[in-house]
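Trainee: Chain by chain, the residues:
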Amino acid sequence: MTKETSTAIKADQMFINFGPQHPSTHGVLRIALTVEGEVVIKARPDVGYLHRGMEKLFEARNYSQALVLTDRLDYTSAMHNNLAYCLAVEKLAGIEAPLRAQYIRVLVSELNRIASHLVFFGTFGVDMGAFTPFLYAFREREMALDLFEMLCGGRLLYSYMRVGGVSADLPPGWIEKCREFITFFKPRLKDYDTLLTSNPIFRSRTEGVGVIGAERAVSWGLSGPSLRGSGVNFDVRKNDPYCVYDKMNFTVPLGKTGCCFDRYYCRMLEMGQSAEMVLQCLDALSGAELNPGEVMAKGVPKMFKPAAGQAYAHVEASRGDLGFFAVSDGGLNPYRMHVRGPSFINVAILQEILAGCKIADVVAVLGSLDIVLGEVDR
Amino acid sequence: MTEETIQPKLSEPVFNHSNGRLLMPETRYWPTQMWKSPWSLPTYRRGAAVLAGLITGIAGAAWFLGEAGPRVAPLYSAAEQFALSKGVPAFIISVLWTFIKGAILLAAPLVNALFAVWWERKISAHIQSRMGPMYVGWWHGALQTVADGLKLLLKEDIIPETADKFVHMMAPVVVVIPAILAFAPVPFGNELVYADIDIGTLYVFAVGGVSVVGIIMAGWSSGNKFSLLGGLRSAAQLVSYELPRTFAVVPVIMLAGTLNISAIAGLQAGYWGGIIPRWLIFYPVVGQIAFIVFLIASVAETNRIPFDIPEAESELVAGFNTEYSGMKFALFFLSEFAYVLLSCLLMASFFFGGGAAPLPFLDFLPSWAWFLGKVLILMFCFLWFRWTFPRFRVDRLMDFNWKFLLPVSLLNIAAAGLLIWFLS
Amino acid sequence: MTTEEILANLQTSFPGLAKAELPIKNYPTWTVPAQSLRVVCERLRSKFSFDYLDVVTATDWSGPASPKGYPRSPAVTPGATPAAGALARDVFEVVYIVSSLSAGLRICLRCEIPRTEGASVPSLYGIFMAADWQEREVYDMFGIKFEGHPNLIRILTPETQQGYPLRKDYEHIPDKFD
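Protein chains in written order, with the working numbering: chain A, 1 to 378; chain B, 379 to 802; chain C, 803 to 980.
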């Protein structure tokens, strides 16, 4: 965090602090904008207002306790954070989760992707000035959260996964409830399209705005829908499959130009794909081939000491490639835990693409990158 | 004592002791349950019945009360006679009468704001599948706005340190006074008008345009960059949209041949073929285009979504009224709704025949009731836009005005000329 | 082209490049000397299409974390034998993960530098723009300087922050926020 004052600004330019308290920075992001009238000349994102020293906190907890910290990273898709952490620690300790647990992990992370993208859809609409999509999105998100509540008691921070599996099997009646949600949810995607996607004002606000070329996107290390909106076919689920994603049947939606609309629409299409994957997982889980009740690897103690070593595991979280780099020195606590937060890396590109935009476009670009400050600042 | 099984409360989650997890209670409300058959729900049927009853009740009351305008004249003459008999000079009577009429007129935007805020909240809520205010007041949060108004009155009035204090204080006044003054020549029914002046149309646009100054004052004096941007945006927007808005009325004036608003409304009485009302909106092409241009420009003039860029909350925090609190903020709010009401009254007068009934046999309702009904329907359109559309970007907004609305409204004037030539 | 072949190819020009003894699990891991880091990455990007920088991070190997957690155990004096932990040595290890999106390959690069106050490695700023903020974060947390980074300032912690929080010998100095 640095200070930037208006001393170095020319007379006809204006310096604006966009945030940290601003309705559409989705948290406490600050963008130092230099504007000339309505046009942004220079933008410098400034992060760190929500820094909690997460990586230091990991070092002070044992592997089971540290799990709850991961929820607080990207709090709208806590399941992915749990999963990435568990995968990294499992790799480090040489544990493998049973197949049923892996299916459940895929199921809940796809369900969480839907819930998380619904937040994006709603807040992006609010950023564009359309308030109604927000409440439509949250109506459906509420159902997904009810399902999570049934599963683990939490509605936002789940801590559902464990090193070696998941904390408990699906409760009775959950599969039917989940199917009911998916059958309700799929037609709603068309509603969203008629409400927002096909709106000419919305299109004019997003199409051709904040264009990120494929090469720039890769160079800046973007990931997730923000990268795929630029037409780069990179998805950890396909590129470096984990759990049972290699058995799943899904496509990865790609954008063409890398404008705000492409990034937005990639997310909308991803929700449909996630719904399909949830159904596939439910089909697999409702059969008897996956032993019901066997959701934890055998013999994983509450406190364990992985052998000295380093491991890196990453998952496709809602916002992109979420990686955990774990180092063990053979002790009870992680010696070092690094989180590759996709939001943190995605938000860095703002300094390049915001120059030349209108002030209204700042909101559109920021919204389309879909950052969560809990993960940016860690 | 009878033996009772301990039932968990249905509204609370059920704790499953076998696996230590919370089970979703059966009463947890999912939209799927409602969407299966919404009409079967008794609440919906009850709601429809209440609505039908309300409409019938209001229509009945209006029928019972009858025309308001013609009753004023005997009332006035009776009062005048009484005052003259007591030796009050005639000019004092007329001045007093003007003040009384002014006070009644002043009540219109105030009562309108009370009602419109509640109505907007209810409509937005139902568009967004929620309930809106439900607790304050006896019926569906009817007194919510009163409570909010009281809250705004009691709130601390904050003047920022960097503000230009006098201008900051004057800005809401400069905004709200023209908003009330502009109601003077606008009819609320047959013969129900404060000042039946011949240049009414010009007067409304001229006085309404003054509010821009207040908004720029608010933006500039707040000492906040977001406010400043909002003020400048509103200056550009309001001045631009003033043009198509005025040009859209030109065909109306050409067809009616007068600038007097109540005369324009009165000219639209009667029916073509005894069934189609002779409203200006039913004049082929010209009427519809004029109406649509006027509607769009009116939405822009009142700073409402999709044209609310001066106060765009997601870009400029709250634009020109970011630094306003308490009653000053309420005055901005009041003027916004006053202008919505004014636009709806103008549209009802210009395009929907004022107080004329849409069908000949519906004449039994007084003109003010029809006026009110038309205004409410048009107001609903304003609210409907607001809760459906996203916001324009500032440059597209200007493009839309200068490259589309203005040429269309100019062409429409030419078309109106052709129509008049064809009709004569 | 497999990573083995790429390694063999690169080793002809950079003899310091070697396979790490203890790899980062399930990914090919190489150790790179600091002075050839930038050139190796440039070569990887231009010749082998490793165009995506996943991760830049670092580890302070100066000693074990106190199992009690906060506050940290006292600093390990440089040169002296660390109290416990077999791996402890007086180095910073900077870790890079680069990947080739087209070939689907992912390589971890490890670069050990002596643990001094002015420890520095060359910056990858010009090669991967993703290095911009990630290197700033490593600088913020470890105080490792990235030579050639145009804007190497603290990113997550306030600029009034004393010391580098993720160093194992970091001790919190109470400030006005405490």
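Accuracy of the hints is not assured; some may be wrong.
Unchecked claim - Over the 10 angstroms line for every Cβ pair with chain C, so calculated as not near, a few chain A residues:
| id | residue |
| --- | --- |
| 1 | G48 |
| 2 | L135 |
| 3 | K358 |
Claimed, not checked - Reference listing, derived: stretches of chain B covered by chain A, where coverage requires no fewer than 3 residues with Cβ under 8 angstroms from a Cβ of chain A:
| id | segment |
| --- | --- |
| 4 | 586-594 |
| 5 | 682-696 |
| 6 | 710-719 |
| 7 | 761-767 |
Don't read these hints as lab results, they were simulated from the structure.
Glycine included, each C-beta is placed from N, C-alpha and C at the ideal position.
Trainee: Next step is simple, just say for each hint if it's right about the structure.
Mentor: A quick look at each hint next to the structure:
{"no.": "1", "hint": "G48", "in the structure": "4 angstroms, violated"}
{"no.": "2", "hint": "L135", "in the structure": "34 angstroms, holds"}
{"no.": "3", "hint": "K358", "in the structure": "24 angstroms, holds"}
{"no.": "4", "hint": "586-594", "in the structure": "violated (count 0)"}
{"no.": "5", "hint": "682-696", "in the structure": "holds (count 10)"}
{"no.": "6", "hint": "710-719", "in the structure": "violated (count 0)"}
{"no.": "7", "hint": "761-767", "in the structure": "holds (count 3)"}
Hint compliance for this structure: hints 1, 4 and 6 are not met, and every other hint is.
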